[in-house]
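Novice: Chains as they are written, first to last, in the numbering used here: chain D, 1 to 401; chain U, 1 to 401; chain A, 1 to 401; chain G, 1 to 401.
Treat each hint with caution, since some may be false.
Claimed, not checked - In the SDA-like style, the derived pairs of lysine to any residue whose C-alpha atoms are separated by at most 20 Å in a straight line are:
no.	chain 1	residue 1	chain 2	residue 2
1	G	K76	A	R54
2	G	K13	D	T19
3	A	K135	G	E133
4	A	K263	G	N100
5	G	K13	D	Q144
6	A	K13	U	P167
7	A	K220	A	G264
8	A	K262	U	G349
9	D	K338	G	L11
10	G	K13	D	E12
11	G	K220	A	S102
12	A	K220	G	R54
13	G	K3	D	E205
14	U	K220	D	E107
15	A	K263	G	R54
16	A	K76	G	R54
17	U	K263	A	A141
18	D	K76	U	F55
19	G	K263	D	S140
20	U	K236	U	G258
21	G	K263	D	Q144
22	U	K76	D	S140
23	D	K263	G	S140
24	G	K220	A	H15
25	G	K76	A	G99
26	A	K13	U	D365
27	A	K76	G	S140
28	D	K13	G	T19
29	U	K13	A	P167
30	A	K76	G	E133
31	D	K263	G	D142
32	G	K13	D	F368
33	A	K338	U	E12
34	U	K13	A	R20
35	U	K76	D	G99
Said to hold, decoys possible - Covered stretches of chain D, as calculated for chain G (at least 3 residues, CB under 8 Å):
no.	stretch
36	275-284
37	348-357
Worth flagging that the hints you see were computed from the coordinates, not collected in a lab.
Positions of the beta carbon are idealized from the N, C-alpha and C atoms, including for glycine.
Number of protein chains: 4
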Amino acid sequence: MQKRNIIVNRLEKEHIEDTRVEIVERKGVGHPDSISDGVADAVSRALCREYIERFGTVMHHNTDETQLVAGQSRPKFGGGVVLEPIYMLLVGRATNHVGNESIPVAEIALNAAREYIRDTILNLDPDTQMTIECKYGEGSADLQSVFKNKTAIPGANDTSFGIGFAPFSEVEKLTLEAERWINSRDTKRRIPALGEDVKVMGLREDNRITLTVASSQVDKYVSGVEDYIENKEKVKENLEKIAPKITERPVDVVVNTGDIEKKGEEGLFLTVTGTSAENGDDGSVGRGNRVSGLITPGRPMSMEAASGKNPINHVGKIYNILAFRMADRIAREIGGVKEVEVQLLSQIGRPIDDPRVAYIKLMTDSDFALAQREAESIVEEMLANIKEVTDDVIHGRVRTF
Amino acid sequence: MQKRNIIVNRLEKEHIEDTRVEIVERKGVGHPDSISDGVADAVSRALCREYIERFGTVMHHNTDETQLVAGQSRPKFGGGVVLEPIYMLLVGRATNHVGNESIPVAEIALNAAREYIRDTILNLDPDTQMTIECKYGEGSADLQSVFKNKTAIPGANDTSFGIGFAPFSEVEKLTLEAERWINSRDTKRRIPALGEDVKVMGLREDNRITLTVASSQVDKYVSGVEDYIENKEKVKENLEKIAPKITERPVDVVVNTGDIEKKGEEGLFLTVTGTSAENGDDGSVGRGNRVSGLITPGRPMSMEAASGKNPINHVGKIYNILAFRMADRIAREIGGVKEVEVQLLSQIGRPIDDPRVAYIKLMTDSDFALAQREAESIVEEMLANIKEVTDDVIHGRVRTF
Amino acid sequence: MQKRNIIVNRLEKEHIEDTRVEIVERKGVGHPDSISDGVADAVSRALCREYIERFGTVMHHNTDETQLVAGQSRPKFGGGVVLEPIYMLLVGRATNHVGNESIPVAEIALNAAREYIRDTILNLDPDTQMTIECKYGEGSADLQSVFKNKTAIPGANDTSFGIGFAPFSEVEKLTLEAERWINSRDTKRRIPALGEDVKVMGLREDNRITLTVASSQVDKYVSGVEDYIENKEKVKENLEKIAPKITERPVDVVVNTGDIEKKGEEGLFLTVTGTSAENGDDGSVGRGNRVSGLITPGRPMSMEAASGKNPINHVGKIYNILAFRMADRIAREIGGVKEVEVQLLSQIGRPIDDPRVAYIKLMTDSDFALAQREAESIVEEMLANIKEVTDDVIHGRVRTF
Amino acid sequence: MQKRNIIVNRLEKEHIEDTRVEIVERKGVGHPDSISDGVADAVSRALCREYIERFGTVMHHNTDETQLVAGQSRPKFGGGVVLEPIYMLLVGRATNHVGNESIPVAEIALNAAREYIRDTILNLDPDTQMTIECKYGEGSADLQSVFKNKTAIPGANDTSFGIGFAPFSEVEKLTLEAERWINSRDTKRRIPALGEDVKVMGLREDNRITLTVASSQVDKYVSGVEDYIENKEKVKENLEKIAPKITERPVDVVVNTGDIEKKGEEGLFLTVTGTSAENGDDGSVGRGNRVSGLITPGRPMSMEAASGKNPINHVGKIYNILAFRMADRIAREIGGVKEVEVQLLSQIGRPIDDPRVAYIKLMTDSDFALAQREAESIVEEMLANIKEVTDDVIHGRVRTF
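With the hints as constraints, model all of the structure from the sequences given.
Specialist: Written as structure tokens, this is what we have:
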């Protein structure tokens with residue numbers, strides 16, 4: 001192989017922490033868009049594992065489209081009902097014939113989708129409160145190509161790019177952490193009323209940070225308005241306690257600002273299942289968080305929906321994940337790097353370990369030339385080991401949304 | 001109430017056992033049409049029970065349309081796969097609001113459908129090998145009408161009729177019994193390979209009876225062609241043993257005449273799940289057995305699909321069931337009755353215990369006038385107790401297909 | 001070929017006109033079940049024509065399942081709206097690959113369905129007031145089998161039977177004629193308010209006939225309750241004028257007995273499109289009229305849904321049509337025949353011109369032996385020319401519902 | 001009203017034209033994601049017009065989710081077939097009851113969707129090559145709120161943000177222009193073979209620009225491989241002619257690099273309808289171009305799907321459009337501005353003409369303080385006239401993708 005085309009440049013812009021306004025958003029795991037992302041990727045992982053078990057390698061598939069159509073519900077203090085199930089349409093394509101062997105793709109997908117829902121949205125029953133339908137295109141592969149797949153570095157499926165940056169700003173960290181706290185198993189045990197549908201908007205205006213949190217509650221664990229308000233208070237208090245661990249800036253936390261408490265059930269973010277998908281909020285893959293876990297308009301972003309794409313040759317997935325990993329390692333390992341951005345550009349058919357260009361931008365207060373060399377070497381090494389990304393995706397060790 | 005309009009007449013025709021040709025058919029519980037019937041009625045029963053528990057009475061609903069769209073499968077000796085799930089569309093309407101209370105109709109329906117499938121088609125997994133979707137129209141009721149419902153005799157929902165006859169002919173009994181044997185729990189334990197998709201065609205030409213049986217087998221319990229053939233033999237032998245208990249006429253049993261054994265898996269009635277709905281055979285409510293459990297072109301028949309209709313005021317269900325019960329009781333209780341046909345005609349809005357006309361035709365070799373009076377009295381009494389039909393339907397004590 | 005197995009026997013029963021009660025029903029072309037039947041058969045005919053044009057012969061298909069899910073509408077004097085479209089699911093299977101050639105089955109089906117709707121339900125727009133979805137299984141054929149198909153008599157697709165009778169009773173004729181009049185182009189021109197959704201129930205009690213007619217009206221042609229009532233009167237008057245041409249018995253005509261006029265729009269059979277499928281009434285293939293055009297519980301009936309079945313080897317279609325044609329010809333051509341019933345029983349794989357048994361029952365007041373011979377010869381001849389049925393179906397010269 | 005919160009700051013970063021690598025992408029109008037965007041917005045516009053006609057104001061709706069599921073096709077030189085229709089699921093919610101009046105939302109939507117497809121994808125027939133299904137949630141409004149809507153400035157529907165920048169870089173202009181040329185009516189007249197499914201990837205490496213174009217062709221206008229290659233050449237030549245009007249940098253144009261010409265039909269970007277949605281490529285709203293018409297990872301971007309959102313109070317739509325308009329005007333009207341970025345942050349419930357913060361960043365080589373004042377005044381004015389955005393959206397004068 002020729003030398004890889006790696007360009008390392010200075011990142012010339014205002015440091016993210018020095019900007020006057022910074023906006024960051026995270027949609028929690030129970031947000032309809034995130035549910036779509038999560039199911040799409042769970043299905044892909046399940047297919048990967050099945051393919052590997054049967055053929056020793058992953059066969060072609062992309063399950064990166066999922067449309068979630070909101071149901072209808074009647075939340076009620078003490079426990080309401082879902083009147084119309086959430087409809088989830090799984091879209092994509094997958095290899096279901098290899099040589100003479102048939103793979104029950106839909107069975108695997110439906111199973112993975114249901115398991116993911118059960119594990120993630122604790123109060124949503126995928127069997128009776130959802131309808132899950134597969135519309136997967138079929139594909140077939142011959143055994144020869146299977147053997148070829150096992151050894152070679154795959155060619156990029158498309159001309160596309162991946163983007164990453166590091167390190168996370170304080171607002172970014174806070175935004176991520178706020179949702180993580182609400183949706184941690186530990187919090188759910190202590191405050192079972194908190195649903196998984198959470199949206200956190202982090203805003204920094206100069207030095208003042210505001211976390212605007214929309215946090216659903218599950219009706220059967222809420223006895224009335226007072227109980228609901230108390231739960232909101234708990235969220236506020238806990239997040240206010242977490243903030244100082246991340247930033248010295250003053251942080252305001254506001255929870256469910258849209259509530260009109262005097263309206264009772266109807267005026268609150270009260271749900272039967274913990275997600276607004278039960279009543280009025282649709283969702284689909286790729287419209288929410290990036291692989292950073294965040295939406296960051298002040299940072300470079302890719303539009304690719306990573307969730308559900310195959311982790312073998314789909315650069316829209318692999319390069320976005322890898323770009324973040326590269327940025328992270330560069331920021332952590334190279335002294336004096338304040339900010340780094342990574343762009344990886346593929347060319348259709350070209351081996352994925354050899355992008356058309358890997359473009360790294362560094363903001364550093366130390367010797368740039370040195371940092372440049374170190375960054376180049378990190379990027380070289382990580383491209384050479386690009387299959388680690390694939391492995392980590394398959395084993396669920398990577399966040400895609 | 002005025003006297004009911006009951007007419008009892010002579011049944012003037014050749015006795016069914018004297019006809020030269022008699023044709024009877026039964027679609028087993030795993031036939032796609034029967035699955036549709038069974039699910040439709042299971043849903044209605046579940047709704048009835050829910051309504052009664054909540055409101056003390058059954059609210060309006062009809063879940064009597066179900067479209068089953070075949071999936072795709074690849075059966076294989078030792079165990080194949082379902083490639084594309086069976087799609088089941090539940091159609092109908094049901095009351096989901098009573099006063100301020102909401103009833104999760106779809107949840108109840110999806111649950112009932114899945115349970116029915118699990119109990120009935122032992123090797124079909126409704127969660128991963130089927131997609132079940134509800135398209136129920138909504139309805140609401142106010143509390144006043146609920147109270148009214150509890151006491152009054154309901155008015156007929158439509159101008160319609162029910163038909164029954166008795167007793168069953170030998171061919172009818174044989175046809176029913178053949179399927180019952182194949183699909184009994186006991187047989188399934190002894191020959192687990194036998195699937196629930198069964199079709200029995202009984203034909204009598206003069207005194208010779210032929211039972212043509214199509215009986216699916218479940219691939220994971222079948223090691224190869226020989227095993228398959230052996231299972232067919234067992235069906236044949238057992239049915240031949242049963243026949244003499246029902247008739248003295250000679251009975252030929254033929255099983256899976258369409259098989260082309262040399263073709264292997266593809267030439268046989270081999271399935272992954274026990275029903276041909278997995279690959280190519282669609283089904284819907286009301287296209288199969290009548291409430292007699294049979295299709296009997298030589299007998300009067302109603303076209304009404306009884307399964308899934310509400311058992312409160314839907315005469316298409318109630319009158320068909322009642323007509324058979326009347327016929328049966330008349331045939332059993334009145335001496336000398338060789339054959340009886342019952343027709344019940346409703347008039348929209350008129351109380352269901354007072355049909356526009358109850359028309360009974362008797363073939364008797366004893367005193368007709370006496371039989372006539374007895375029949376009239378039986379019909380009177382059974383109309384007066386018509387709510388028993390409703391109760392029996394709700395508690396699953398009535399066959400609707 | 002061996003001599004065909006034709007049995008001609010006496011029909012021993014009370015003559016239909018002598019029975020004390022006779023019930024007959026017809027669902028008009030705009031009834032949801034009939035719409036399903038009509039579309040299913042229109043699609044099959046369109047496929048037949050396409051196959052013949054491309055390959056000189058009809059390829060395998062069955063489009064005999066259609067589920068119609070009611071929409072939601074708000075009829076209003078002067079013109080209301082359809083709020084939720086009628087959903088129509090076309091189910092079945094069809095050959096879409098012959099050798100290397102691909103046939104756009106779904107395109108043909110969607111086109112045929114839309115055309116049929118436009119031609120039949122004048123005020124229903126299939127493009128914006130319906131959603132039509134195809135779920136057809138695929139099939140392929142090789143060119144050799146195509147050539148074979150062209151010449152041979154096909155083998156029966158199943159063990160099944162067809163049933164026919166003749167001549168029609170007075171009530172049967174009246175019932176048919178009543179709907180025919182309402183849905184004739186001429187009537188529609190004169191009374192455009194009359195919708196195609198019509199249900200006629202004919203009841204004869206001894207000599208008194210009652211026609212109970214449910215006849216929809218199209219709101220944009222109805223200015224108010226008075227106008228609506230006037231239209232009902234016109235139906236009544238016209239049908240009362242037609243009756244004496246068919247019977248000398250007294251005939252009562254009642255129209256829309258369920259109307260509660262004081263309730264205005266909601267209390268009437270008022271529609272936006274002319275069919276109750278727009279709001280609350282689902283439908284599917286094979287649940288309505290038999291190939292006689294009627295539901296006749298007092299006559300032998302087949303449960304087979306003829307509409308949409310292929311007219312080449314599907315005996316559930318061909319034998320039912322042929323049985324009625326045979327009965328009709330026997331009744332018309334053989335002197336003294338008062339009533340005739342025909343049963344045709346197929347055996348899977350056996351050439352369709354050679355049924356396992358053709359069983360004819362005659363009620364005649366002339367020489368039975370002579371009639372027997374004549375009937376046998378008619379049946380022989382019509383079996384020999386069975387392909388005429390196929391041709392007539394393809395060219396739309398046969399009623400299937 | 002208090003003074004609006006407008007912050008104008010320096011944009012401190014490398015000028016876009018000075019970066020070493022720049023990547024830009026545009027999905028053409030026939031790309032599956034763009035089709036979804038286009039239909040979603042066409043439906044919203046149609047609803048807006050209907051609401052205005054009936055009520056003088058726009059009622060609540062969001063039709064911003066559309067899932068497109070690929071069909072199956074067999075392209076062939078001279079004309080192939082679509083075997084399985086493209087399935088399009090329209091998702092969202094809309095007001096269908098205002099006071100006593102009902103609005104046929106689905107009718108309007110289906111009509112708008114079909115018209116849009118017909119106008120945009122010239123060789124795709126939405127009636128027979130697509131299935132379009134609506135799953136819209138319902139909504140109702142009372143007449144009082146209607147009157148209120150007419151006068152007041154609406155409150156923001158959510159806490160969200162809009163992002164814009166200006167002026168476009170050379171690569172951005174080129175990328176936009178390349179697709180515009182291919183999909184212009186004029187080009188279609190001259191080269192009817194060119195389908196609407198186009199993807200342009202613009203890459204600048206230092207001073208060298210590469211336009212990678214994927215451009216579908218419509219099979220019925222292509223006689224064979226040579227013809228196909230000739231059409232590709234025409235695209236290349238024409239785009240090479242356009243480039244010098246936009247940039248002095250050298251521009252390489254490569255078209256359909258994935259083609260394997262020796263494979264014939266299968267190796268090319270050949271389609272029956274002009275879009276890859278016919279075979280294997282799914283799409284959905286909000287996964288493609290931003291309101292800039294581009295995907296620009298080197299620029300700040302919003303993740304909001306603007307298409308289909310209501311233009312009254314949905315800041316995810318209005319603020320993104322307005323931010324671009326502000327940026328554009330600032331760049332054009334203020335002397336010396338080299339680059340500008342605009343961020344508008346809403347707060348749920350707060351009037352949309354008064355964002356929580358309007359944050360403008362300027363790169364200017366003239367007096368910053370002066371530019372700052374001018375920018376502030378432009379932003380003030382444009383916020384005061386925010387309803388112009390709404391008007392322009394309704395009348396189709398705004399690009400949303």
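Novice: Enumerate the violated hints, using their earlier numbering and listing them in ascending order.
Specialist: 5, 15, 24, 30
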